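If you read the sequences in order, they're chains A and B. Mapping the first sequence onto numbering that gives the first Met the number 0, position 96 (from 1) lands on 95, and the numbers just tick up by one. Mapping the second sequence onto numbering that gives the first Met the number 0, position 167 (from 1) lands on 166, and the numbers just tick up by one.
What you were told as hints is all true, and nothing was included just to trick you.
Result set (BS3-like, lysine-lysine): computed pairs, CA atoms no more than 30 angstroms apart in a straight line: (1) K281(B) x K8(A); (2) K8(A) x K243(A); (3) K248(B) x K416(A); (4) K486(A) x K248(B).
Here are some chain B residues the structure puts well away from chain A; computed CB gaps all over 12 angstroms: (5) I14; (6) A54; (7) P56.
Calculated directly from the structure, the hints in this document are not laboratory data. Model, not experiment: these values are computed from the prediction. The beta-carbon is built from N, C-alpha and C at its ideal position, and this holds for glycine as well.
Chain by chain, the residues:
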Amino acid sequence: MLLSLSWLKRYTDLPDDASEISAALTSLGFEVEAVQVRGTGIEGVVVGEVRACAKHPEADKLSVCRVFDGVEEVPVVCGAPNVAAGQKVLFARVGAVLPGDFKIKKANLRGQESFGMICAEDELGLGESHDGILVLSASSVPGTTLQEIPGLCDTTFEISVTPNRPDALGHLGVARELAARFGKELRLPELPLAESGAAAESFVTMKVEDAASTPRYIGRVINGVKVGPSPEWLVHALKSIGKKSINNVVDCTNFALMEWGQPSHAFDLDTLAGKTVVVRKATAGESLVTLDGETRTLKAADFVIADAEKALVLAGVMGGTVSGVTEKTVNVFLEVAYFDPRAVRAQARRHTLSSDSSHRFERGVDPLVTARVSDYLAALIASTCGGSVATGRLEFTADLHPVTPRVVSLRPARAAKLLGVPLDAARVKSLLEGLEVRFVEEDGDTLRFAIPGFRNDLEREVDLIEELARRLDYNTIPAVLPALPLKPVDLPPAEEQARALRGTLRDLGLSEALSLRFMSKRALGNLNLAPEDSRNDFVPLKNPISEEWELLPTTPLPALLHALERNQNMQEHDVRLFEIGRAFYRAEKTGPRSTGVREEPVLGIALMGEWKESSWSARKQPVDFTRLKGVVENMLERVRVDLEWVAGVGSKAGFLHPIESATLVDPVSGDVVGVLGTLHPKVQAAFGLKLPVVVAEIYPLALLTAPHRPLKFQAYATHPASARDVNLVVGEAMRHGDLLAVVPKNVAYLNATRLNSVYRGKGVPEGHKALHYTFTYRHMERALTDEEVGTSHAQVTAALAAADGVVIK
Amino acid sequence: MDSNNVNQDLESLKIRLLADLDTCDQGGGDGLEELKVRYLGKKGEIYGLMRGMGALPADQRPAFGQMVNTLRDLAEERFAVLESRAAEQAIAAKLSASTVDPTLPGTRSELGHLHPLTVVRDDTIDFFRGMGFELAEAPEVDHEWYNFEALNIPPEHPARDMHDTFYVDEGVVMRTHTSNVQVHYLLGHEPGPVRMLAPGCVYRVDNDASHAPMFQQVECLVIDENISFSHLKGVMLLWAEHVFGKGTKLRVRPSYFPFTEPSAEVDVSCSLCGGAGCRLCKHTGWIEVGGCGSVDPAVLTQVGWDPERWTGFAFGFGIDRIALLKYGIPNIGLLTRNEAGFLRQF
Chain A
0 MLLSLSWLKR
10 YTDLPDDASE
20 ISAALTSLGF
30 EVEAVQVRGT
40 GIEGVVVGEV
50 RACAKHPEAD
60 KLSVCRVFDG
70 VEEVPVVCGA
80 PNVAAGQKVL
90 FARVGAVLPG
100 DFKIKKANLR
110 GQESFGMICA
120 EDELGLGESH
130 DGILVLSASS
140 VPGTTLQEIP
150 GLCDTTFEIS
160 VTPNRPDALG
170 HLGVARELAA
180 RFGKELRLPE
190 LPLAESGAAA
200 ESFVTMKVED
210 AASTPRYIGR
220 VINGVKVGPS
230 PEWLVHALKS
240 IGKKSINNVV
250 DCTNFALMEW
260 GQPSHAFDLD
270 TLAGKTVVVR
280 KATAGESLVT
290 LDGETRTLKA
300 ADFVIADAEK
310 ALVLAGVMGG
320 TVSGVTEKTV
330 NVFLEVAYFD
340 PRAVRAQARR
350 HTLSSDSSHR
360 FERGVDPLVT
370 ARVSDYLAAL
380 IASTCGGSVA
390 TGRLEFTADL
400 HPVTPRVVSL
410 RPARAAKLLG
420 VPLDAARVKS
430 LLEGLEVRFV
440 EEDGDTLRFA
450 IPGFRNDLER
460 EVDLIEELAR
470 RLDYNTIPAV
480 LPALPLKPVD
490 LPPAEEQARA
500 LRGTLRDLGL
510 SEALSLRFMS
520 KRALGNLNLA
530 PEDSRNDFVP
540 LKNPISEEWE
550 LLPTTPLPAL
560 LHALERNQNM
570 QEHDVRLFEI
580 GRAFYRAEKT
590 GPRSTGVREE
600 PVLGIALMGE
610 WKESSWSARK
620 QPVDFTRLKG
630 VVENMLERVR
640 VDLEWVAGVG
650 SKAGFLHPIE
660 SATLVDPVSG
670 DVVGVLGTLH
680 PKVQAAFGLK
690 LPVVVAEIYP
700 LALLTAPHRP
710 LKFQAYATHP
720 ASARDVNLVV
730 GEAMRHGDLL
740 AVVPKNVAYL
750 NATRLNSVYR
760 GKGVPEGHKA
770 LHYTFTYRHM
780 ERALTDEEVG
790 TSHAQVTAAL
800 AAADGVVIK
Chain B
0 MDSNNVNQDL
10 ESLKIRLLAD
20 LDTCDQGGGD
30 GLEELKVRYL
40 GKKGEIYGLM
50 RGMGALPADQ
60 RPAFGQMVNT
70 LRDLAEERFA
80 VLESRAAEQA
90 IAAKLSASTV
100 DPTLPGTRSE
110 LGHLHPLTVV
120 RDDTIDFFRG
130 MGFELAEAPE
140 VDHEWYNFEA
150 LNIPPEHPAR
160 DMHDTFYVDE
170 GVVMRTHTSN
180 VQVHYLLGHE
190 PGPVRMLAPG
200 CVYRVDNDAS
210 HAPMFQQVEC
220 LVIDENISFS
230 HLKGVMLLWA
240 EHVFGKGTKL
250 RVRPSYFPFT
260 EPSAEVDVSC
270 SLCGGAGCRL
280 CKHTGWIEVG
290 GCGSVDPAVL
300 TQVGWDPERW
310 TGFAFGFGID
320 RIALLKYGIP
330 NIGLLTRNEA
340 GFLRQF
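Only chain A is shown next, with the shape it has when bound in the complex (with noise of 0.2 angstroms):
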C-alpha cells in the first residue's frame, strides 16, 4: 500500500521528520519498506510561463521559447515535443540546483542562448515520465517555487499491511493508527450532502438476488454530471500513489477508495437496460468483457451485477467495458457495497484477476460504513463533477448483515497475565479508546467493548490483547526469562544416527551436499530402473515450478549426479558427496487425512573421479567399488552395525554395475539397508559423466532397527602373534569371498587374516590371479610356540589346497 503524507496529512497533524513517521509506522505493525521524498535537494526552480515558443532555426528537435519566471522573460531553448506557448511549466532558472546536485548554468546550444530549463517529471524527481516537460494548470501563477506547489513534493510510504487489517488499505485507516500513536485528533471527511428532484428509484429499478455474496448494496443516482478532466487537487492526490487521472467521476471513486478502502462503481445509467441494476448469480456460458481487456466466460458460481439483459460487472472484482463512465455519461448510478469477503476471493481465484477492490473486499471493508460512504462520494461526485444527487439511497441489507458494533469482552487481568505487564481496567480502557474500541459496560472483572466497523478483526478477547500490546509499543514490553523446571533431554534415535553418519562421512573426507527436493522425469528415467523399481512411485507436484523440479524425490541419486557433473564442468573433478535426503513415495491412502504419500529419510554418497590419499604426493588412484565398500564399511563400523552384503545386484538396481556392486541386507529382518556399486555405464553416459562414479544409497531408518553391537570392552591380547604367508594362484573366477569360504572356521588360534595384494601379469598365466595373503596366529595369555603355529596354519594350507583351481605358490 503506497501511501501519501500530504493525503495522511488531510486527517491528523503528524510530525515534520518523515523517518518519526515511518518508524512509528513500523512500530504499529505496518513495515514501511520503501520511503520516497519528492522534491528535495531541488532549488530555484518556479512556476514559468512560456511566452512565446518558435522553431529553433537550426535544430529541427528543439524550441527557442521565452519564459517569464515571475520576474522577468528570458529566452530558452526546449527540446521537448510537447512545449508550446501559454503553458505554465516547471522552470528552472540559472543557479537552480536539481537532484544530483545538477546546476542549471546559462548555455549556447547551436547558436542560440538559454538561461535556463524548462523541466520534465523525472529531472525533478517527481516522477518517472520523460516523455516531455510537465504542464501545469493554467491558474499556476508565475514565481511560485516548486515547493510551494500543492500536491507535486510528497513523501510516500510503501508499507506492507497484513492480511487482517483491511482498514490501513486507505488512508483514513493509516491516519487513524497515526493519530492515536502520537496523541493527536483524527479528523474525518465531511461533505454536505444537497438531495434534491426525484427519489432514486424513479430513476432505476434495483434487486439483489444473491444476498449470501452481497449481504449490503447501495445505490445512488446523480443526474446531470459533467464528465471531464478532474481538478488538480483530485489529479495531483491520485497521482502522489501513483494512479493515473480517468475523468473525474472515476477519479472520485478511486478517491474514495484510496481514502476510506471502500470500492465503489460508477455505472453511466443511461447505457443500462431497462434501467436496471441486478445483482445475481451468472450463468454458466455467460461472457463479459472486463476493464482489462479480457474477454471473461462466466461460471456458474460467479456473482456479477447486471441490467436487464447482461452481465455488467464481475461483481467485487472488476467492472466490464459497457456500462461505465465515459465522456457522454451524463447520469450516474453509483454502487457502494459489501460483498462477502470469501465470495469475492473465490471468485477472484476462479477467475486468476486481482484488483484493488477485490484484494479490499476479500480481507472485509467496513460493513457499518457502507451508507455513509455513499453519501460523501455522492456529494464529492456532485460538488466536483456538478450534476444533481437524486433524493434518497435504493438500500439491501440481509437479513444477517450487522447494523450495529459487535462487541467483544476483555478481562484486564487475562490482558496482564498473557502479556507480562500490569494492565488494570482503567489502563485498557484509555489505550483501546485511541483507537475507537469504545467501552460499553462493565461486568465484574470483565469489560466490554464495542468495535468499530473498520476494525472486523477483533472477534475475541486475545484479539484485544493484541491491540493492547500494540498501543503499548511491543518494544516496551520486557524481556523476561520463564521459570521452568531442569529437563534433561536426549536427541531421538534417528537425529543421534545422523550426526553420527554425517560425522563419520565427513571424517572419512567426503563433503555434505544438500539438494532441493525436486526431481525430473527425465533424471528418474536416466537411471535405468527396471518398471517395478520402486523409485518409479513418485509423487508428482500438481503446480511444479519447472519440468526440471516436477517430482518429489524418490531416491537423493539424480540430484548428487547432476552436482557431480556440475563439478566437473567446472573443472573440479575429485568430488566426494554425501547427503541425508529425503525420498517420497506413493502410498495408500489410509483415512481422511491421509495423504497417500510415504516419506523417509534415504542418504545418498556419490564418489567421482580420484580419491586423492593425500594433498599433493602421487599417491592416488580412481574410486572404484571397494573404496567405496570401504567407506560404507567404515560408516557401519562406527554406528556398530554388521550387516550381510550380498555381491552384485544384477538388474535389481538398474543404475547400478550388476557385478561391481552389492546390496546390504538386515542379517535378522532379511529387510534390505541399501545398495552400492560402480555407477552403470548407460547411467554414467546419461548423466554426462567422464571420470569414474560410484555411488551408494542407504536407508537410515532400516539400519536403525538393524541389530547394534553394544559398546562392551573386549579382553585384548597381549602377547606376539605369528604371521604366516601364503601366495595363490587361482582363475578370474574365483573370488576373494570363496577362498575364505574354503578355510576352515575352526582353526586353532587363527585370529586375522588379510589380503595383501592382488596381482595380475608377468609370471601369472593368462585369465589368472595372484593372491598374497597373511594368516595371524594368536593366544591370548601367551606366546604360540612355532609346533603349535605350524600346526594351525597347515589346516589352513591344506584346506586352500585341496579347492578346486587353487595352486598355492
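For chain A, the structure is supplied; the task is to place chain B on it using the hints.
Okay, now just chain B, sitting in the frame of chain A:
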C-alpha cells in the same frame, strides 16, 4: 720375573696408550675401535699385564694390581670421552646430510565438510536442547488441515496468500512452514507443559536471489500454565545473543500469523554495523530473523487443549537465513548447488 721389568712395562704401556689416544683424537677418532680392542680387549695389553702379574712375588701383587686397575680406569675414561665425541660427530654428520626440504607443503589428508546449514541446524538444536526443548517432527508432505486449517487458516482465507503453496493432491500440500509440527505434536500429547523444537524443510513456490522453493525452518513451541508474551521475548533474546553475539538487541514489530496472537516479526540489531546502518541491513540497522507470537487460543481449541489453562508462545526462523547472515553468503541458491568450491569452505 723382575718387578722392575714389570713396572717398566706398565709405565711404557701407559705412555704408548696416551700417545695413541692423542694421535687418534687428532685423527678425528679414526681407528678408535681397533685401539680400544688393542688396549682394553679381553686379549688386550692391559689384561696382558694382569696375566703377567703371576711372575711377581706375592707381596708385590696387590700393589701392582692396583696400578694396573688405575691404568685400566684411566684408559676406560679416556676411551669413553673419545667415543662420545665420535658419536656426536656421527650424528651431526647424519643430520647435516639430510635432503628434506622443510618448505615443502605438509602432506595433509583431504578433510570432509559438513554443510553450513547442518552446522547451524545442529547448533540450534543443541542450544535449545540445553534448555530442555525436545525435538519433534512431522511430514513434509502433509494434509492441508495440519498446515492450514488447524492453524486457524481456513480455506479462502487471505492469509493463504502469504504462502505460495505446492500442491501434491487435492488437500495435500508440501508444508509451507514447520508450524504443522505444532499440530501433530499437540494432538499426540496429553495437555501439559511443552518445550518443543522442530527443525525441517519447508516449501514455497518461489525462486529468486533471496527465496528458494525449499528452505529450512526451526519451530519452537513453549506451553505451560503461566507463559506470557514477555517470556517469548526473553527466550528470543537469549537465542539472538547466542547466534549474533552478546549485546545483540531485539526489535519486535506487530505482524499477523493466524496461529499466534499477539503476532510479531523479530529483528535483531545488525551484526555487521552494530545498528549504525550498512548494506547488509539495508541501512535500517535491523535484520529480520523470524516470526513469533503467543499461541492463538483457536489452535489450542482445535487440538482439544483448554486455552484458559494453557498459554504459550511459538517462534520460527529460517536456518538458511541465519546461515547466510552468519557466513556472509550472498545468494540462497549457493546453498543447494553443491559445488566443491562452496562446500569445502565449511
